[in-house]
Amino acid sequence: MSEKGGKGFSLPTGKAVKSSLKSTPSTKDASLKGKDDSSTKSKKGRKVQFDSEGLHEPKSNFSSKFDNPAAASGKADWGKGGKGDKVGNGRKKEPQPLELKIEQELPQSAKCLMDCEAADILQGIQEQMILLSKDPTIKIPVSFDKGLQYAKRTSHYTNPQSVRKVLEALTKYGVSDGEISVIANVCPETADEVFALVPSLKTTRSVLIQPLKEVLSELTKLKQST
Amino acid sequence: MFLKVQLPWNVVIPAESLDIKGLMLQKSIVVRLLDEFASRKATKDLGYLLALTTLESIGEGRVREHTGDVLFPVVFSGITFKLFRGEIAEGVVHKVLKHGVFLSCGPVENIYLSKLKMPDYDYVPGENPVFMNSKMSKIEKGSTVRFIVIGTKWLESEREFQALVGLHADYLGPVS
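First to last, the sequence lines map onto chains V and G. Every letter in the first sequence is one number past the one before it in our numbering, and letter 175, counting from 1, is 175. Every letter in the second sequence is one number past the one before it in our numbering, and letter 174, counting from 1, is 1174.
Wrong hints could be hidden among the right ones.
Partial pick of chain G residues on the chain V-facing surface, computed with a CB cut under 8 Å [what the hints assert, rightly or not]:
| no. | residue |
| --- | --- |
| 1 | 1003 |
| 2 | 1006 |
| 3 | 1045 |
| 4 | 1171 |
The set of hints was computed from the structure by calculation and includes no laboratory data. The beta carbon of each residue, even a glycine, is placed where N, CA and C say it ideally should be.
Build the full structure now, drawing on both the sequences and the hints.
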């Protein structure tokens, strides 16, 4: 009993305890092993902890079973499965706010373009199309025309480079690339419009509002005169 | 939203179109790449493939054992179009139904705006049915609507996307 009690006492301090637990009965070599074990198989170490704790406490049977998934009685497995399911369901049911999270979805090799930038590039390609269409071996993607039409319709600025420059001032306030593109695409007139359409910016509204107003007034100067 | 992407691709040049002249080889690689790019239509991650802008690099060709074809790993840049959840975009109405309208937005042709997602608007039946709100703002066939994307779905067999959109925020609705 005294031995077990001792182990139990040293428990709460964590990692150091595990190695000491293992190293005490053995020689120096073994203590090295013990260290290795504790670093690589920390779960095992924990099991030992709990086992001894279990012995220390009156509810020993219950707790040791619970901590011993390796031995895995049917009950223990069920318990685990149930927990997992519950957590999963909980996550699904949580209504995710309708916010832009392009950065999480996009592979690293891809970057957001503003509609006006895309219009610029696609139009450049279309100008070469007459030449390209003479060669029947060269095929044009079916989506090209629709993409170009869309870009033309939604691009409100004539000079994409300066739009990008103006909007990039917002990156230092934590505005993401995707958010910048959306702002450029909707061509907003007021800061309120921006916060309504890009709700993810609302959290930093107090910091953002002043620079955003400046950016918007710069942008109106760049608008296409129609 | 339009994306600028960099993509690796494997271009297979059939043995018969291999030429001694290096220039011709490069041309056949480009032609082949354009061909494959055009027929791929769209990918799940990057959306609709619109155009190829630059060929960044052509790797070393590897001869395929049985056919004698040569495979060149290439890297190129291009432009794609994809709708993202939470994005603001514009679409053109092409069908008005009792329970909502269908729109197209660039290359994305099946975008559904349900009646439930435009609570201000009421269905007005007739020869040309429309959705109208109290401010007499109309959503009819041919009108352009600014919306927020609620969700998208990739259809592997058709190689296309579908999207659900809504008008439940300020500054959304028909645009003149």
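How the hints compare with the structure:
1. Restraint check, residue 1003 (chain G) versus chain V: the minimum CB separation of about 5 Å is within 8 Å; hint holds.
2. At a threshold of 8 Å, the smallest CB-CB gap from residue 1006 (chain G) to chain V is about 4 Å, leaving the interface hint in force.
3. For the restraint placing residue 1045 (chain G) at the interface with chain V, the shortest Cβ-Cβ distance is roughly 6 Å, inside the 8 Å limit, so the hint holds.
4. Hint status for residue 1171 (chain G): holds, given a least beta-carbon distance of 5 Å to chain V, under 8 Å.
Against the hints set out earlier in the document, no violation occurs for any number.
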